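S.K.: Line by line, the protein sequences are chains A and B. According to my numbering, the stretch in the first sequence is residues 396 to 818, in order. According to my numbering, the stretch in the second sequence is residues 396 to 818, in order.
Since no wrong hints were added, every one of them can be taken at face value.
Below, computed lysine-lysine pairings styled on DSSO-like, alpha-carbon distance capped at 30 Å: (1) Lys-597(A) / Lys-669(A); (2) Lys-765(B) / Lys-736(B); (3) Lys-486(A) / Lys-765(B); (4) Lys-765(B) / Lys-673(A); (5) Lys-673(B) / Lys-433(A); (6) Lys-673(B) / Lys-516(A); (7) Lys-516(A) / Lys-516(B); (8) Lys-673(A) / Lys-757(B); (9) Lys-765(A) / Lys-673(B); (10) Lys-757(B) / Lys-397(B); (11) Lys-513(B) / Lys-516(A).
Here are some chain B residues pointing at chain A (derived, C-beta under 10 Å): (12) Arg-533; (13) Ala-679; (14) Arg-689.
Don't read these hints as lab results, they were simulated from the structure. Remember, it's a predicted structure, so these values are computed and weren't measured experimentally. We put the CB at the ideal spot given by N, CA and C, even for glycine.
2 protein chains.
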Amino acid sequence: MKLEQLSITQLEERQLQLEKQYDAYKSAGLSLDLTRGKPGAEQLDLSNSLDGILQGFYLLQDGTDVRNYGGLTGIAEARELGGLFMDLPAKEVMVGGNSSLTLMYNYIHFMMESVWLKESKSNNETIKFLCPVPGYDRHFTICDAFNIEMIPVNMLDDGPDMDHIEKLLAQDASIKGIWCVPKYSNPTGTTYSAEVVERFAKLPTIAGDHFKIMWDNAYAVHHLNDQPDQLSNLMDAAREADTAESVIMFASTSKVTFAGSGISFIGLSEDNLKAFEKFLSASAIGPDKVNQLRHVRFLVDADGIQAHMRKHKDIIGPRFDMVDNVLNQHLGNRGIADWTKPMGGYFVSLNTLPGLASTVIKMAGDVGVKLTPAGATFPNGDDPRNQNIRIAPTFPSMEALRQALEVFVVCLELASIQQLLKR
Amino acid sequence: MKLEQLSITQLEERQLQLEKQYDAYKSAGLSLDLTRGKPGAEQLDLSNSLDGILQGFYLLQDGTDVRNYGGLTGIAEARELGGLFMDLPAKEVMVGGNSSLTLMYNYIHFMMESVWLKESKSNNETIKFLCPVPGYDRHFTICDAFNIEMIPVNMLDDGPDMDHIEKLLAQDASIKGIWCVPKYSNPTGTTYSAEVVERFAKLPTIAGDHFKIMWDNAYAVHHLNDQPDQLSNLMDAAREADTAESVIMFASTSKVTFAGSGISFIGLSEDNLKAFEKFLSASAIGPDKVNQLRHVRFLVDADGIQAHMRKHKDIIGPRFDMVDNVLNQHLGNRGIADWTKPMGGYFVSLNTLPGLASTVIKMAGDVGVKLTPAGATFPNGDDPRNQNIRIAPTFPSMEALRQALEVFVVCLELASIQQLLKR
Numbered sequence: 396m397k398l399e400q401l402s403i404t405q406l407e408e409r410q411l412q413l414e415k416q417y418d419a420y421k422s423a424g425l426s427l428d429l430t431r432g433k434p435g436a437e438q439l440d441l442s443n444s445l446d447g448i449l450q451g452f453y454l455l456q457d458g459t460d461v462r463n464y465g466g467l468t469g470i471a472e473a474r475e476l477g478g479l480f481m482d483l484p485a486k487e488v489m490v491g492g493n494s495s496l497t498l499m500y501n502y503i504h505f506m507m508e509s510v511w512l513k514e515s516k517s518n519n520e521t522i523k524f525l526c527p528v529p530g531y532d533r534h535f536t537i538c539d540a541f542n543i544e545m546i547p548v549n550m551l552d553d554g555p556d557m558d559h560i561e562k563l564l565a566q567d568a569s570i571k572g573i574w575c576v577p578k579y580s581n582p583t584g585t586t587y588s589a590e591v592v593e594r595f596a597k598l599p600t601i602a603g604d605h606f607k608i609m610w611d612n613a614y615a616v617h618h619l620n621d622q623p624d625q626l627s628n629l630m631d632a633a634r635e636a637d638t639a640e641s642v643i644m645f646a647s648t649s650k651v652t653f654a655g656s657g658i659s660f661i662g663l664s665e666d667n668l669k670a671f672e673k674f675l676s677a678s679a680i681g682p683d684k685v686n687q688l689r690h691v692r693f694l695v696d697a698d699g700i701q702a703h704m705r706k707h708k709d710i711i712g713p714r715f716d717m718v719d720n721v722l723n724q725h726l727g728n729r730g731i732a733d734w735t736k737p738m739g740g741y742f743v744s745l746n747t748l749p750g751l752a753s754t755v756i757k758m759a760g761d762v763g764v765k766l767t768p769a770g771a772t773f774p775n776g777d778d779p780r781n782q783n784i785r786i787a788p789t790f791p792s793m794e795a796l797r798q799a800l801e802v803f804v805v806c807l808e809l810a811s812i813q814q815l816l817k818r
Numbered sequence: 396m397k398l399e400q401l402s403i404t405q406l407e408e409r410q411l412q413l414e415k416q417y418d419a420y421k422s423a424g425l426s427l428d429l430t431r432g433k434p435g436a437e438q439l440d441l442s443n444s445l446d447g448i449l450q451g452f453y454l455l456q457d458g459t460d461v462r463n464y465g466g467l468t469g470i471a472e473a474r475e476l477g478g479l480f481m482d483l484p485a486k487e488v489m490v491g492g493n494s495s496l497t498l499m500y501n502y503i504h505f506m507m508e509s510v511w512l513k514e515s516k517s518n519n520e521t522i523k524f525l526c527p528v529p530g531y532d533r534h535f536t537i538c539d540a541f542n543i544e545m546i547p548v549n550m551l552d553d554g555p556d557m558d559h560i561e562k563l564l565a566q567d568a569s570i571k572g573i574w575c576v577p578k579y580s581n582p583t584g585t586t587y588s589a590e591v592v593e594r595f596a597k598l599p600t601i602a603g604d605h606f607k608i609m610w611d612n613a614y615a616v617h618h619l620n621d622q623p624d625q626l627s628n629l630m631d632a633a634r635e636a637d638t639a640e641s642v643i644m645f646a647s648t649s650k651v652t653f654a655g656s657g658i659s660f661i662g663l664s665e666d667n668l669k670a671f672e673k674f675l676s677a678s679a680i681g682p683d684k685v686n687q688l689r690h691v692r693f694l695v696d697a698d699g700i701q702a703h704m705r706k707h708k709d710i711i712g713p714r715f716d717m718v719d720n721v722l723n724q725h726l727g728n729r730g731i732a733d734w735t736k737p738m739g740g741y742f743v744s745l746n747t748l749p750g751l752a753s754t755v756i757k758m759a760g761d762v763g764v765k766l767t768p769a770g771a772t773f774p775n776g777d778d779p780r781n782q783n784i785r786i787a788p789t790f791p792s793m794e795a796l797r798q799a800l801e802v803f804v805v806c807l808e809l810a811s812i813q814q815l816l817k818r
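Let the sequences and hints guide you as you build the complete structure.
M.R.: Spelled out as structure tokens, the structure:
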């Protein structure tokens with residue numbers, strides 16, 4: 396039954412119950428954490444054979460000794476592998492070090508130095524980026540680092556609000572880019588529909604190819620379901636629409652093999668790649684090719700990736716099920732929260748009643764359950780409705796996850812009742 | 396006998412001989428390369444056990460799982476290891492990815508964004524750097540990338556010309572730093588004397604701690620002799636002189652283990668480290684900790700490093716001997732070239748008669764022997780006397796090295812005679 400259908404007396408009774416439970420948690424000395432979008436040890440174990448996989452063989456077919464210096468674009472075999480993640484030919488893939496975030500930062504730095512700063516100075520305009528919300532805080536941090544103004548755009552069920560985006564881009568040449576996590580989006584789990592992808596390829600941007608779509612396909616192969624979502628190929632559509640120079644794709648093996656020791660990919664037109672490579676040549680001699688070769692040997696091909704990701708699903712699928720079950724059991728049909736049941740990715744996105752996210756997060760924190768700070772999924776930490784909470788279920792043990800969720804639902808219901816009673 | 400003591404007839408005779416030899420090389424279809432300051436395959440083989448060394452153990456004593464995300468400063472064990480390379484306590488060491496060059500670039504980027512650009516704007520002054528010459532071209536490229544003006548300063552036998560440096564720094568606050576390779580300097584092999592290091596600690600810079608000494612100790616443990624050069628500890632001297640905030644040290648295992656897959660170190664005061672870490676946090680989640688742990692297991696401690704580097708010496712020592720022998724045999728006491736016989740590092744630095752470097756390099760290139768481009772060891776590629784040539788003997792096989800050197804000495808002598816005869 397919805398909470399708002401209860402009488403004041405019923406609400407007060409329930410409040411007392413919940414307060415008792417909450418006090419019990421207080422004295423339980425819990426230390427639980429739902430913030431960390433990182434794989435658990437069992438997942439990492441899946442890739443333990445990476446270390447030692449080369450068996451002393453360090454030479455590539457083309458004669459390259461992967462142990463030595465050089466090769467900014469990455470080894471040919473790893474470019475092929477990246478092509479599988481991003482659905483691109485190898486020639487449009489560059490392979491980086493252990494972090495696609497670093498590639499994104501470097502790409503923004505490259506655009507700032509080569510184009511955007513000059514334009515901004517000559518037009519006396521602030522450089523702006525569109526940020527679908529809720530979104531990934533690390534993208535926002537990069538904008539912050541370069542003093543790029545962020546314009547939030549709402550996420551809808553099939554991707555960002557394209558009407559809004561098209562309207563903004565048709566009138567403002569100082570908008571230089573947009574952050575997208577097009578598949579199993581962080582945190583909402585949304586996969587952009589074919590129509591949305593098509594509209595991305597045909598955006599009416601007046602900044603032309605100085606506008607960049609930062610297509611962070613972080614969860615390209617991270618399915619939680621045997622009928623995975625399908626994402627259409629933006630680069631193909633953009634080639635058709637003659638906007639390929641605006642498409643910059645990213646992927647990595649961070650949540651495939653070792654989170655901190657994977658390899659990263661950037662996908663872009665050959666001209667863009669050449670220019671970016673030239674920019675990088677001042678700061679690097681080349682990525683870790685030995686680790687690239689390890690990943691090629693370990694993942695092998697599309698079938699290899701798929702088989703490996705199925706093992707991840709078997710480990711984390713039950714955690715996502717547990718989140719949905721506990722939330723349903725305690726909050727289902729109560730009218731005080733809604734949440735996503737993602738088909739892939741790493742997060743569950745939950746909305747409280749407006750204005751309650753920070754209260755719930757504080758209450759949980761006070762009894763030892765850490766949640767991602769309120770607003771973290773919004774530019775400048777500002778969730779205008781103060782209602783979004785990101786839950787990351789992969790890292791804790793099943794038991795710790797259950798405990799943390801049980802505390803969380805008590806906090807959420809209690810905060811909701813307190814608000815209702817204050818009216 | 397010195398060439399200039401020969402008669403014109405003798406010179407012309409010798410010229411004919413050399414031309415014959417040169418023509419023979421022309422038709423020999425050689426393809427040799429003395430440009431690459433990188434280890435040969437035999438050296439890389441010394442570290443093949445890196446891959447697989449962890450044997451499935453990925454947990455640190457402090458509980459860190461090296462496979463997962465996080466830890467921008469690097470793992471404690473690797474910070475200790477870096478301390479051995481730079482003679483610093485672990486708390487003043489941050490461990491990066493596979494390239495100290497990237498750490499240098501990032502540090503310059505950090506200083507640009509946090510301090511230098513603002514100062515430069517408000518004073519309407521160009522940002523400048525001192526560059527001991529001949530020096531390392533990659534340092535100059537970083538300056539180029541950030542539009543930093545480079546002021547060359549001559550290298551003397553015991554380090555850079557400190558009188559000149561002190562004079563410049565006492566009068567110009569827009570000089571924000573200096574590049575140094577203080578041990579077995581690239582390319583001259585010079586190790587800075589204790590007096591020079593002491594003077595670095597007490598530089599009369601009016602830029603204060605906005606002035607940074609970029610102390611690239613790339614060859615800290617790369618001895619070619621059993622009585623290695625000793626470099627005094629700049630950080631100790633700077634602490635004493637209250638200038639420690641100006642000291643930024645670098646080292647790496649690039650020429651210790653795998654050139655492209657090593658780990659890198661930056662050494663700096665704890666305050667500097669904290670500020671730099673904060674800057675990096677926008678672009679990275681953390682370095683490859685698995686590879687850091689591999690290096691800790693592989694090199695172990697100071698004795699381990701020393702024993703390992705002795706094996707490198709056994710491989711590359713004979714190559715340096717060959718360079719010196721061939722040069723001596725053909726150019727000794729001829730008054731047309733002088734060169735270094737380094738006690739460590741990766742290069743031999745040779746000076747031709749003034750004005751001849753580019754000619755010799757072109758002549759050698761025309762018969763298939765590639766040498767580092769003339770001027771590469773100077774800012775903006777400008778060797779004012781056009782006489783410095785950098786020879787890198789580690790990468791080719793002994794036989795290829797001998798062939799290349801024999802071509803080289805013919806080109807050098809021939810060019811010198813041609814010049815003498817033109818007088």
